[in-house]
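Asker: Protein sequences appear in the order of chains Y and E.
My numbering applies: residue 1 is where the first sequence begins, and numbers increase by one.
My numbering applies: residue 1 is where the second sequence begins, and numbers increase by one.
Hints in this document: simulated from the structure, not taken from any laboratory.
These figures come from a predicted structure and were not determined experimentally.
We treat Cβ as the ideally placed atom computed from N, Cα and C, and that holds for glycine.
Hints are supplied without guarantee of correctness; some may be wrong.
Below, simulated DSSO-like cross-link-like pairs (lysine-lysine); rule was C-alpha separation at most 30 Å, straight line [unchecked claim]:
1) E:K263 with Y:K226
2) Y:K267 with E:K225
3) E:K263 with Y:K267
Pairwise CB distance ranges (calculated) [what the hints assert, rightly or not]:
4) Y:R364 with E:G138: 23 to 29 Å
5) E:S117 with Y:E323: 53 to 59 Å
6) Y:K226 with E:D48: 57 to 63 Å
7) Y:Q40 with E:D248: 26 to 32 Å
8) E:H154 with Y:N229: 55 to 61 Å
9) E:D46 with Y:G355: 37 to 43 Å
If you want the footprint, here are the derived chain E segments under chain Y, 3+ residues with CB under 8 Å [unchecked claim]:
10) 32-43
11) 90-96
12) 118-127
13) 247-259
14) 346-355
15) 361-372
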Amino acid sequence: MANRVAIVGVGQTYHRSTRRDVNQQEMVGEAVRAALADAQLSAKDIEAVFTSNMETFEGIYLPDHLMVDEVAAFGKPGLKVCTGGTSGASVVAEGFHFVAAGLFDLALVIGFEKQDTGDTTAAITASVTPVWGKGVATGAIGEFAKQALTYMQRSGAKEEHACMVRLKADRGACRNPYAHLRLGLKSVEEIMKSGYLVWPLRLLDFCPQSCGACALVFASEEKARKMTNKPVWIADLITVHQEPFRAGSFGDPTGLETYTQEVAAEKLYKRNGITNPRRDICMAEIYEPSNWEEMSLYEHFHFCEKNEGWKLVEKGITEIEGEFPVNPSGGVIATNPIGATPTIRVAEAALQIRGDAGEHQVTRDVHTAVATALGGPNWTVMTLLKRSL
Amino acid sequence: MAQRVGIVAVAQTKYHPNRADANEGELAYEAIRQVLQETGLGFSDDGDGISSAVTCSQDFWDGRTISNLNVMSYVGAHLSHEDKVAEDGVNAVYTAMAQVLSGKHDIVLTVAHMKESQGDKSIIENAAFDPIFLRVLGLDFLTAAALQAQRYMHRYGITAEQCAKVAVKNRGNAKRNPYAQEPMDITVEDVLKSKMLASPIRQLDAKPVSDGACAMILASEEKAKKLTAKPVWILGVSNCYETHYLGDRDLADCNALVKAARKAYGMAGVSDPLKELDLAEVSEEYSYQELLWMEGLGLCGRGEGGKLIDSGVTQMGGQLPVNPSGGMLAGNPNGVAGMARVAECVLQLRNEAGDRQVPGARLALAHGVTGICGQLQAVMILGTS
Chain Y
1 MANRVAIVGV GQTYHRSTRR DVNQQEMVGE AVRAALADAQ LSAKDIEAVF TSNMETFEGI
61 YLPDHLMVDE VAAFGKPGLK VCTGGTSGAS VVAEGFHFVA AGLFDLALVI GFEKQDTGDT
121 TAAITASVTP VWGKGVATGA IGEFAKQALT YMQRSGAKEE HACMVRLKAD RGACRNPYAH
181 LRLGLKSVEE IMKSGYLVWP LRLLDFCPQS CGACALVFAS EEKARKMTNK PVWIADLITV
241 HQEPFRAGSF GDPTGLETYT QEVAAEKLYK RNGITNPRRD ICMAEIYEPS NWEEMSLYEH
301 FHFCEKNEGW KLVEKGITEI EGEFPVNPSG GVIATNPIGA TPTIRVAEAA LQIRGDAGEH
361 QVTRDVHTAV ATALGGPNWT VMTLLKRSL
Chain E
1 MAQRVGIVAV AQTKYHPNRA DANEGELAYE AIRQVLQETG LGFSDDGDGI SSAVTCSQDF
61 WDGRTISNLN VMSYVGAHLS HEDKVAEDGV NAVYTAMAQV LSGKHDIVLT VAHMKESQGD
121 KSIIENAAFD PIFLRVLGLD FLTAAALQAQ RYMHRYGITA EQCAKVAVKN RGNAKRNPYA
181 QEPMDITVED VLKSKMLASP IRQLDAKPVS DGACAMILAS EEKAKKLTAK PVWILGVSNC
241 YETHYLGDRD LADCNALVKA ARKAYGMAGV SDPLKELDLA EVSEEYSYQE LLWMEGLGLC
301 GRGEGGKLID SGVTQMGGQL PVNPSGGMLA GNPNGVAGMA RVAECVLQLR NEAGDRQVPG
361 ARLALAHGVT GICGQLQAVM ILGTS
């Protein structure tokens, strides 16, 4: 095995629907400066910069080239990866590979999206094949409505359970100063009253469009141990991408559920000796585009048995104070700057391990955490973080 | 580097002005199929198969959000690791190499694909400029390159004839490359008489619209030696960003290339590149760029790119043949171009370059460029030992 890699700096912007006060590169610069400050580094210490977003969402071609000066990349190596919703985790994976390879000792890994300058749903619709896909393309909302319906039918979950997930997310978001939607929701009824986007998904069941960025500083083991007494180690990571016409993908009218999460989780757990995920992993930050999806993802990641995801919610197991907290940050239904969303999952999991999550720090001691990403035709990336190796 | 990474197989499509008969995936698969057949490999994560794919394409050019989704069914990485690098192809090879060195993957497939015939170059490239201050000027990579060519020629007295010689040399070399799109018997006069695109760049100073794909398989040292009798090793590699705003740069400089080259040479233990290299494959979208990149790569002094082409050093049979494949001027799509440069180096180092073989080639340089006036430069040194 090559070098071990640690996260030694975490930074994110606050998140809003619109950021008229900054352009894309200025916004990303905010996250970069925060991450450098957290790592107690200056821009000149960084050796390489890896970025990711979905270019078509903002209509800027080669955005990493535009923001060279703001992300400390001038005169340095780096590149951009772009894999749809998983982009912000794919860039974590590639940043990890370059540092683990021994090619760099200190690297910046950045996810960002400024959705107020584009049309995300139009761009997502442009992901399907132009020949036979365009006629049935629905963007993300239709796709996740289909998956919500499938989950409701097979698991016996009620709309109330989805609302409870939203309430949990909002309680987290209200304790997270960086979260986008901090609504102070009080009751299931309030959520039930929000209008339908696509049945059975209501407005408050689904993730918002956010502007924001998240930056991480990765360090080789030698550097990390010198720099901080709270390194967060990237113990393992796994990417499982699948063909677009497999189960559950955009354009598949059967609404079949995906299984890349199961493939990823099973391989990752096996490689790392995780036999009981809820015991061996202390908390999770997952990419849940809707509250329904969160319950189904609990099952796919083997946090519980099949059809029992909603029971975890009912029992409060995934609350901040619960036995296995999931998305104490408020998650994706509170904050969704798409290219940054998976990077934020990793950042939040790292903060929980450090004990630096502030008001949304979970009650349970976190020595191991998992961050997940979802994108494309239900692609999965998982990152396993640990306090010590 | 702690251990070496080998390239065990390469393949390319023939580059073509308009492959209306194939979609992006089908085009990519023409190259992928060849490297799979040559090595007998398939995808598996048991350590003996390919466990990761690095694709290389641009959403803007494909007109598809998540352009890797476009080719996923053809790449074969179903339920495996797959990432898309949205830069020139040398950076995809660099990423694949990092994956192998990281210890996470032993064998990685990388593929770059592009159908320029489907996109509008000027509209796409204009979208790369700062939306507030620069887009409204109507700049694209051609007009920006024209500014760079003017500045470079003015500062160092480089002549249009010297630039034209690059076009003549490279399109002539292409006659011996079966993959090349535009092999041509042309003279300097032909170039100077061709249509003006953006002064001083004329039609024959510019690369043609091109469709094509390139694929290769990289492996750890141990696996590479088992997979082929002729592995080609990546001995050094780096890339480097230049700043975005043209007004912040002296366009006659190429500092990012100087830095990338210095690091790649350092890793490979190359101290006198002109003497030590047996050939160089550089990405010259426009003829002046080959001269400017020669300077950035330290193959001649600053301002001496013109003298270098005049001296014949970079001709086939010269001390350092540059672009025996015909280069980008003979036709490669953006993004694929850098990987095609690596592929040509591999063929040369394996002594499989046919009529254009550089005799006894043992050390080669591949160069790739992404963005406006060479904003992201990548350099890779490849060798047989």
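Asker: Now, for every hint given, state plainly whether the structure supports it.
Answerer: Results of checking the hints against the structure:
1. E:K263 with Y:K226: Holds, at about 25 Å.
2. Y:K267 with E:K225: Within the cut-off at roughly 28 Å; holds.
3. E:K263 with Y:K267: violated (37 Å)
4. Y:R364 with E:G138: 23 to 29 Å: Once the Cβ atoms are compared, 58 Å apart, the range 23 to 29 Å for G138 (chain E) and R364 (chain Y) is violated.
5. E:S117 with Y:E323: 53 to 59 Å: Cβ of S117 (chain E) to Cβ of E323 (chain Y): about 58 Å, so the range 53 to 59 Å holds.
6. Y:K226 with E:D48: 57 to 63 Å: Given about 39 Å between the Cβ atoms, the range is violated.
7. Y:Q40 with E:D248: 26 to 32 Å: holds (29 Å)
8. E:H154 with Y:N229: 55 to 61 Å: Hint holds: Cβ distance 56 Å, inside 55 to 61 Å.
9. E:D46 with Y:G355: 37 to 43 Å: holds (39 Å)
10. 32-43: violated (count 0)
11. 90-96: holds (count 3)
12. 118-127: As far as the stretch 118-127 of chain E goes, the hint holds, because 3 residues have Cβ atoms under 8 Å from chain Y.
13. 247-259: holds (count 3)
14. 346-355: Violated - the stretch 346-355 of chain E has 0 residues with a Cβ nearer than 8 Å to chain Y, which falls short of three.
15. 361-372: holds (count 3)
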